[in-house]
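**Q** Each chain, letter by letter, is given below.
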Amino acid sequence: MKEIVLVKYGEMVLKGLNKKTFEDMLTKNIRRRIKGLGKFVCTSAQSTLYITPADDDIDLSEVVERVGKIFGIAALCRACVCEKDFSDICEKSVEYLGDILSCAKTFKVNAKRADKAFPMKSPEICMELGGILLEKFPNLSVDVKNPEVTVTVEVRDTNAYVHAENIKGAGGLPVGSSGKAMLLLSGGIDSPVAGWMMAKRGVHIAAIHYVSPPYTSERAQLKVEQLCEKLTDYCGGIAFYCVPFTELQEAIKDNCPEEYFTIIMRRLMMEIAQRIAEKDNCLALITGESVGQVASQTMAAIACTDAVCRIPVFRPLVGMDKTEIIEIARKIDTFETSTLPYEDCCTVFTPRHPKVRPQLSDVEKAQNSFDFEPLIQKAVENTEMKTFNIGK
Amino acid sequence: MSVYLDNAATTKPCSEAVSAALDAMTVNFGNPSSLHKAGLNAQLVMDRARKIIADSVGADSGTIYFTSGATESNNLALRGASQAYGRKKRKIVISAVEHASVEETACALEEKGFEIARVVPRADGRLYAVDFVNACDENTCLISMMMVNNETGYILPVKEVFSAVKRRFPNIITHCDCVQGYMKLPVKAASLNADLISLSGHKIHGVKGIGALYIKKGIRVVPIVTGGKQEKGVRSGTESVPLIAAFGAAVEKLSSSISERWDYVSKLKNHLLEKLSGINEIEVNSPEDGSPYIINISAAGKRSEIMLHFLESREIYVSSGSACSKGAQSGVLGSFGIREKSADSALRISLSAENTAEELDLLVDALTEGMKKIRS
Chain U
1 MKEIVLVKYG EMVLKGLNKK TFEDMLTKNI RRRIKGLGKF VCTSAQSTLY ITPADDDIDL
61 SEVVERVGKI FGIAALCRAC VCEKDFSDIC EKSVEYLGDI LSCAKTFKVN AKRADKAFPM
121 KSPEICMELG GILLEKFPNL SVDVKNPEVT VTVEVRDTNA YVHAENIKGA GGLPVGSSGK
181 AMLLLSGGID SPVAGWMMAK RGVHIAAIHY VSPPYTSERA QLKVEQLCEK LTDYCGGIAF
241 YCVPFTELQE AIKDNCPEEY FTIIMRRLMM EIAQRIAEKD NCLALITGES VGQVASQTMA
301 AIACTDAVCR IPVFRPLVGM DKTEIIEIAR KIDTFETSTL PYEDCCTVFT PRHPKVRPQL
361 SDVEKAQNSF DFEPLIQKAV ENTEMKTFNI GK
Chain C
393 MSVYLDNAAT TKPCSEAVSA ALDAMTVNFG NPSSLHKAGL NAQLVMDRAR KIIADSVGAD
453 SGTIYFTSGA TESNNLALRG ASQAYGRKKR KIVISAVEHA SVEETACALE EKGFEIARVV
513 PRADGRLYAV DFVNACDENT CLISMMMVNN ETGYILPVKE VFSAVKRRFP NIITHCDCVQ
573 GYMKLPVKAA SLNADLISLS GHKIHGVKGI GALYIKKGIR VVPIVTGGKQ EKGVRSGTES
633 VPLIAAFGAA VEKLSSSISE RWDYVSKLKN HLLEKLSGIN EIEVNSPEDG SPYIINISAA
693 GKRSEIMLHF LESREIYVSS GSACSKGAQS GVLGSFGIRE KSADSALRIS LSAENTAEEL
753 DLLVDALTEG MKKIRS
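Chains as they are written, first to last, in the working numbering: chain U, 1 to 392; chain C, 393 to 768.
Just so you know, the hints here were simulated from the structure itself, not pulled from any lab data.
It is possible that part of the hints are untrue.
Stated by the list, open to error - Just the calculated beta-carbon pair ranges, DEER-fashion: (1) Lys121(U) <-> Ala582(C): 33 to 41 Å; (2) Glu83(U) <-> Ile671(C): 45 to 53 Å; (3) Val356(U) <-> Gly610(C): 34 to 42 Å.
Here a beta-carbon is modelled for each residue, glycine too, at the ideal position from N, C-alpha and C.
One chain only, chain C, in its complex shape (with noise of 0.2 Å):
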């Protein structure tokens, strides 16, 4: 039996998605944009699906705009909105520790003449609201951060960042990337302060290859696909009615249920960490107010690497930092003010409410092995 704990990087779907998926593929088939019974079957798929996601995020059917996934939707929210609003404000904000969706378009950005500015955690590790509205300005069109780090499980103090810059400069457009928040915590878009929310399928159970952005009711967003003018032309492109469907079931399984599972993989990574200061040298790098859904160590001395194939062989599956990266590092790890040599050993290991007690149990067991095992 193996032990799945990289959830952070995509979880097992679930068979409610499963059934929704086949059912738009065998029954549900058609094109949501004929005009016949058949595409209309198609759209009420869509719509029912479309409104779920919508009602998980305090909103209207209206402000849900499918997506191939959280990298198209971050892609889509940064470069359509810098089009839109920033043609005199040239200055985009983002945290310093954001997903490579983020970062990297925000460098595509960069490259386009507009000025970035990061916004790193301090010593502590944690970022303020204050340093954000600081490094606002008159000229700063969009303010992009994560709702959760991808890498240690940080919660970002999101609500008081945008709140406090929605204060001071009210046409600021903020973006939050809660991929890894999503399901997990209460995602509203009004609360958050949110004009733009990215969110992913294939994080919460659902199917890989969908995505949604929430787009606010009056917000302008400059398409980056063009064509049969689908998603009221913000997206362009038939939409995957199976993935979406898919999508649609995934959160209506979970929204009910985000307090009890988060009090559930409490348990689990209190379970862990308790057995974790049982072994020497495992140090843990994520701050322990942080999602329970993701547990960042470092085995001192053994390369993430290596630990992640030792662990593989004894068929757990884990992470070396963001699996999008394929285990390159992304410095993330560094911002947040862990030590190169630590970085170097960190293992990510990340949670559903499907997992138990028992398995990590015998991730504890191979990690003692491994750190006697493997040579340094």
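Chain U extracted, bound-state conformation (with noise of 0.2 Å):
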């Protein structure tokens, strides 16, 4: 009994002649996944990817768990191979899902017939496999609405498959099919899942970070990266920009008006990365703002940080509440590092009581009372990178 993972293409199905590049960048996404499980046998037919196992010992619900948080499918299932016979479909449905079958109270039977010169309808097919399988289970009965067990029957164009699960996949688009860009990452909440929505839409993220020493702690550092490494799971690879912020702060905090300096914090922050994102190839910035949470997030305070920036700054979290943005990181399971209490470079030096609507010529002026040039240049230069690959 041969078993196979089934992986449905999410929205990229729709893509017209560009599809197989698509096609091929989730393909090439899933076997750097897998790599590490064993030997697979990866092919492509009718939008559905079908991995083989090449091995008997290699354990697909870990293959499952992997592939599901992957970017570009819509669905997968683990699904036994049959013959495209019924009596095989028969035998194998009754092996391979026997050990389910036989402890559940109540079935049904769904079948997919994409090869239409299979000579049972799909109807004939639910109705007779139904049949036999409530004969050889006694503990059986059909419930249509709300089954205990959906056996499902796909007829294919080479083989058949029987399954009794179907798993929803993580949707989007495969990550590296829009380019890439830099996600500022501060080792709050916000700014993990800004970076896993926008690997949904197929960005490669790298990630830049800021530490200011002795005002930050070694262990922030490490919990950021701690985070880089759990976004490798959906997101791929990441290079992680680690950008020593000291002097900048001291700068800011002798030379400026406290009202300004987060603002003005803001604004190195964002000319330091669009420098190193122009290195890296980025092609956008990414920052995990949400309009009104803080008083650097209200619309007068994006429009000052944003006027120095030269590419666009996505804000995938612009119009979602606090409580929306914790259900994601809970589930992308960032959320219990994030909140691990250390210091981090956004909350040293806060004014009591910032610009909630700061106008940009004051910020501007405020600013330019000292040259920060130099300063910008040297943390560019000491900028230390670390690349983080597909964990586990």
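Dock the two chains into a complex; use the hints.
**A** Rendered as structure tokens:
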């Protein structure tokens, strides 16, 4: 009895002539993700990828777990391969699903006949197979509305497949199909979620983080590196840039009015981020800002920050509530790490009364009182890069 | 030269574990909760071990909580989960062949008002998923079963049971005591469908005094030890970094050779069984398809303890019943349908990949001699 994993493509099936590019990218991402688990043969037909394990001892549940996090997939399941012959389908169904069916109370059969040359029509398959299973498993009864087990038969071009699970995929587009962008990763709850959301739209993520020792600790940086590692499950490999930011923050503190501390800091962060983004061929910046969340995220403040940006800034969380963001953070398992209690550079020298509606001209005037350029250059030069590859 | 055949009781720490522990006592001796570098370094040692152990069960680091051993892990799992989920649902299902740390804890919970259902092996000595499903109901908060029986090596159908139970009752918490299976069989939380998994360090060539509980993300366990909120509050008390480091080092060493060692130890088991078949009146109590690491036999008419001490005089160390109970009969053999007389003379020979066929030959010679010499 041969078991494989069926992967159904997501929205990329709607693509036209460049569909193949998306498919190839997805296949590449999947191969890379499951490489450590053993040898596989991946083939694609009818908007479905067939992952066939080459060895018998491969843990398919782990394959499903990992592939379930890859963007570009609508649904996936483990399935048993059958001959395109009804008696074989019945035999394999009984054998493959025996454990599940013998402990269940209710079931239904669902048939999908992609190969219209198959002699039986879908309702016929359902009825016949249903009857046979009822006979074999006296504990079962049919419930088409809310069955405990749904037995699915898919008759496709080379084989038929039987399975009893249909797991929702991560959706979106294959990572890398939309180009690369630089994520400003603070260590808080929002920025990893923002990165995940852009990766979902096919964006390959690089990350940038600012450290200000001794105001921030080594543990704070390790926490962000941990977040990066968690994101690789979804985003693939991530180049992580760590910018030494202490001197800039001290210069802001010494030379600028307190109410503009945060906004000027953010402008400097953006400036450094886009310089590094340019070097790394990133086409945009990504931040975890959400309108009105804090003083530096009011529309007026965002306008002042954006004034220094020469490339687009994506803010996928812009219209989300904190609770919605937390929900995603929990789902992608970054929440717990994000909430570890270490000071990050955003909270160093926070003004007591920040300007909620800053005017760009005032901000520029405040910032121009000191020449930050040499310090910016120094920070960019001393930025360290680390690569995080797909975890586990 | 002594022959150590009591590896299910404990194993000899491997050199990697010893040097990892030594390093954590001499170099990285800080308190992992301290904010300074010495603390951070100790934390990093611990994080690394946690990651290795998490990887070995196919989970994230955040799911592994260190305890003082598998007995504490089992206590934490049963007491903690029943407290979190058992306010209204007052039933717990376990197998009838559990280790004392589960069985006795279940008894303690029984006294607190929980109903305990014990699923007994059928006449063929095996447990069936459908029996567990039938034992569960809407009122059940927790099911606990071991992966490999510590007395006979019988491999329980954990995956089948947990999958079937979860399908019917998705909210029942599943706990697996994997102590005798870990690093011998693949233990993967997701494929076992386990919410809680108990692990032990000293059964896998780590050091005594360290264990872990895997707690699936989102599953709540009420702590039984409270204090400084170490281990995310689940198990307070300064972590034993040396023992944790040793645990991690042992897992790191063993996790890549699970199937090779299984094959090797299977050969040892077959070799032993073949030789034993030459001795009259030796009965094998372990199932044929059980774990090769544990072989339970009965030397007809010779009481376990006497034979044990006879073998000891030849510097061969085996165990009667389960060592944890100091030779007291646990009743588990009876549950497997082994007659009382045979259980009285049961010996447990438990192997590690460090044993050799020659050592087993010495055992067989000594058993043969013992059968002749010991008056029954």
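**Q** Against this structure, judge whether each hint is valid.
**A** Right, here's what the structure says about each hint:
1. Lys121(U) <-> Ala582(C): 33 to 41 Å: Between Lys121(U) and Ala582(C), where Cβ atoms are some 37 Å apart, the hint holds.
2. Glu83(U) <-> Ile671(C): 45 to 53 Å: holds (51 Å)
3. Val356(U) <-> Gly610(C): 34 to 42 Å: holds (38 Å)
Violated hints are absent here; each numbered hint is respected by the structure.
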